[in-house]
Structure formats: structure tokens, C-alpha cells
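Q: Starting from the known structure of chain A, arrange chain B on it as the hints suggest.
For the record, the sequence lines run as chains A and B.
Each residue of the first sequence is one higher than the one before, starting from 42 at the first, in our numbering.
Each residue of the second sequence is one higher than the one before, starting from 8 at the first, in our numbering.
Fair warning: there could be bad hints in the mix.
[Claimed, not checked] One side of the interface only, derived from the structure: several residues of chain B facing chain A at Cβ under 10 angstroms:
| no. | residue |
| --- | --- |
| 1 | F40 |
| 2 | V125 |
| 3 | C126 |
| 4 | A131 |
| 5 | V135 |
| 6 | L136 |
| 7 | L149 |
| 8 | R191 |
| 9 | Y195 |
Calculated directly from the structure, the hints in this document are not laboratory data.
Where is the CB? At the ideal position from N, CA and C, for every residue including glycine.
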Amino acid sequence: MLFLRQAWTVAQKDLRSEFRTKEALNASLSFALVILLLFSFAFDPTAEMTREISGGLLWLVFAFAGALLLNRSFARELENDCLDVLVVSPVPAAALFLGKALANYILLLGIEAVCLPVFGVFYNADWTRQPAWLAIVILLATWGITIIGTMFSALTVNLRLRELMLPMLVYPMLIPCLMAAMQLTTALMAGQAPSGDQLAWVRMLVGFDIIFTALSVALVETVLIG
Amino acid sequence: MREKILYALGALAALLLARNIWVMLTGLPDEAFQGAIFRIIFFHVPAAFTCFLCFFVALVASISYLKSGKMQWDSLAVSATEAGLAFGAANLVSGMIWARIIWGIWWTWDWRLTSMLVCWLLYAGYLVLRRAVEEPAQRARLSAVLSILSFAVVPFVFFSIKWFRTQHPQPVLYGEGKMDAAYRAMLYLNWVPLLMLAAVLIAIRIGQENRRRELDALRREAHSI
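Extracted from the complex, chain A is given alone in its bound form:
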């Protein structure tokens, strides 16, 4: 119980400081919009084309915007040696990590909530056909992106070339998660509820989230403290 309260305190702190400056949020949101614009030049956004690749497109935007956001997660604590203070505070490293992941999750979901309607307008895609399933897929896959991204943010925080290392390490790790999200989202945009093979992807997302949450929580102390 105490653990959860500590995690929530860290999450609140992160959210409050982010909403005061809106640094990462603004950068990541405008970056997402720029990518959405750029994709329209990469292919001819006709109805049929969009239907085939909508899932992939959307999740690439989310993954790119997410990396930008997650990069700042631990890096923002470097100023004034805040990270050292957090590490020596009575909050266990796992609670610190979960709190930060929770804050990132909320921010990333916020960005996605803005991008999704914009995507719908730009590419004339109807994303409201299976709202409940789409919400489940977005919640599951975004947690996967967040947990891996936050873990690698902690892993690379003290490295030189931090901004380069994070995307290089994170994207290959995220492939199974993104793959499942893309498959499911494309089907959902076409109005099909998941069945049979598609449900296997949902199960994989759940497994991915559970395993990497557990591994990250177990290993984060080693990463931050040693």
C-alpha cells in the first residue's frame, strides 16, 4: 500500500512539473503532427491505401512521439542532481520507476488521444467502429511502449549519446508489441472485432506487458543504484 502511494507521489510530481513547463509534451505532440503530415507524402492517401496501412501508420506515430517523451523521463532529473536525491530518498527504486512509468503512460495516452482524431480527419479513417476494442488495444500497447521506454530511459540516463542510444535500443525491443498493435488496429479500423488469430495478438500484448513490467521492476534497482 505504501509502495503504491510512493509510486503515485512520484507520478504526481512528474505530471505536475511536466504540466508547468509542457516541454516534452509540446515537443512530442508537434512532432507527432509533423510525422502525420510527412506520411501523406510517402504514399497516396486514398481510401483503400489508408485502410490497409492505417494501423501501422498510427503506431509508428505513437512510437516516435513516445520515444521523444520517454527520453526526457529520467534525463529531466539530471539538472540540480535531482536523480541522486530521488535515489537516496526512502522511496524504493521500483516505486520510483513505476511512478515515472505511470506519469509517462498518462502523458502518452494524452498525446494519442489528440493524434487519433487528427489522423481520422487527415486520412479520412473511421476509427470509431470498434471503440471498446480500440481502447483496449491502445491501453495495452501503450503500456508496453511506456514500460520499455521508461526502463531504457533509466538505463541510458548517465550515458553520453543518450539521445541516440534510447531509440536504437528501444525500437527493436518494441517490435513484438508494435507488431501486435498494428495488426489489431488495422483490423479494428476496418470494423472487424478480434476473433481467432487476432485474439492471439491480444494475448501476446497482455503477456508482453506482464513480463516486461515484472522484469523492469525487478531490475531497475540494479540499473539506478547498482
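A: Below, chain B without anything else, positioned relative to chain A:
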């Protein structure tokens, strides 16, 4: 003494490999549909086995490092990862040569090819991460964590094969066992020299790592004086 054992093991691997190639070319008939090129499988599949065995060794070494803090484990982890990457590259390249002849294309985004490439990139990231960390203990710690996370994602990458339609030839070792017994025996037999080669490579790299660490320590001592 250690070096002599390594040389002997390497020579034995070369001899065994030569013998296997001789048998492959003269003793085994061409496969009915693919002709002579099918023999690539005797290197392609064992290379993949060796690659993942190396990554598994790296995982065990990484966990052992985190438990004990002994730098020898870190040396083993990085050596095994490098050897694994070499065999992974051999697997990918031999597969591409086979694909060029049988499928007419070098590469296809079939999920199995893709997942091997993903694994290769994951572990290549491990080597890049090591270069970015200066301090030896921190480097060992962070790369051990990365090795564990990477290994955890490998099953996710590979289990998705079954849920994805695939162009790759179906597995010939398990399931309905479509491979002739003589071919299968050769496949496992050819794994032996590759394993020996991997062991030699890893042992050499561990020696290099240990020497580098000694050098680093001496350099630091010199600086302090």
C-alpha cells in the same frame, strides 16, 4: 597450455568440418526438389542453433555477473554475444544465398527472416551500449540488464511466427518430420564443429577481455602514481 588446447580444438573443428563437407558432397544425394543448393541447410540451421546457444550463455553469464559481481562473467557475456552475432550473421547470409536461388530474391519480409534480423539487431545494440559506457563496473551492470531484457524478448519475436503466415520452408526437424534420417544426422553432425568453433572464439575473446581489463587497471595505477 591454454592456447595449445584452443589450437587443438580449432584444428579438430576444421578437420571435422572438412570431413562433413566431403560426405555432404559425395555421400548424400541431391534433394528431390531443390537440387544441390539444399546443402546450405547443414550450415544454416546449426548456425542458428549456435547463435541462440551463445545468446543463452550470455544470459546465464549476465545473471551470474549481477549475482556475484565478478568481472569474469562480464567477459564471458560479451564474448558469447559477439560469437552469437557472428553465427547469426552466418545464418542470415547463408539463408539469403539459398533464397536467391530457390525463391529468386535475396530477402523477403517473411516473419521468420525478420525475427532473426530483429534478434541480431537487439544484440548488436548490446555491443553499441558497451561502447557508450566508460566505467567498467557500470558497463558490466547495464549491459547485463540489457542482455536479460533482450533474451526475454526473443521468445515473443519467435512465437509470433506461428501466428503469421510465412513463406519460409516449414520446420523440418520437429512436427511431421519430413527430413530424411541421413540428412538429419548430417545436420546434427555438422553442428559439432560449429559448436567447437564457437567455443574457441569465445575462449579467445575472454582472454582478450581479461587482458584489456588488466591493462586498464595498470593504466589507472600509473595515473595515480
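Q: Now look at each hint and say whether the structure bears it out.
A: Hints versus structure:
The criterion of a C-beta within 10 angstroms of any C-beta in chain A is not met by F40(B), whose closest approach is roughly 29 angstroms, and the hint is violated. The interface hint given for V125(B) holds, since its Cβ lies 5 angstroms from the closest Cβ of chain A, which is under the 10 angstroms cut-off. With 10 angstroms as the threshold, the beta carbon of C126(B) comes within range of chain A, its nearest partner Cβ sitting at about 8 angstroms, so the hint holds. At about 9 angstroms, the closest approach between the beta carbon of A131(B) and any beta carbon in chain A falls short of 10 angstroms, and the interface hint on this residue holds.
Given the 10 angstroms rule on beta carbons, the hint for V135(B) holds: about 7 angstroms separates it from the nearest Cβ of chain A. Evaluation of the L136(B) hint against chain A yields a held restraint, the C-beta minimum of about 7 angstroms falling below 10 angstroms. Satisfaction of the interface hint for L149(B) is found here, the shortest Cβ-Cβ separation to chain A being roughly 6 angstroms, below the 10 angstroms cut-off. Interface restraint check: R191(B) against chain A, minimum CB-CB distance 30 angstroms, threshold 10 angstroms, status violated.
A hinted interface residue such as Y195(B) counts as satisfied when its beta carbon comes closer than 10 angstroms to some beta carbon of chain A; here the least separation is about 30 angstroms, so the hint is violated.
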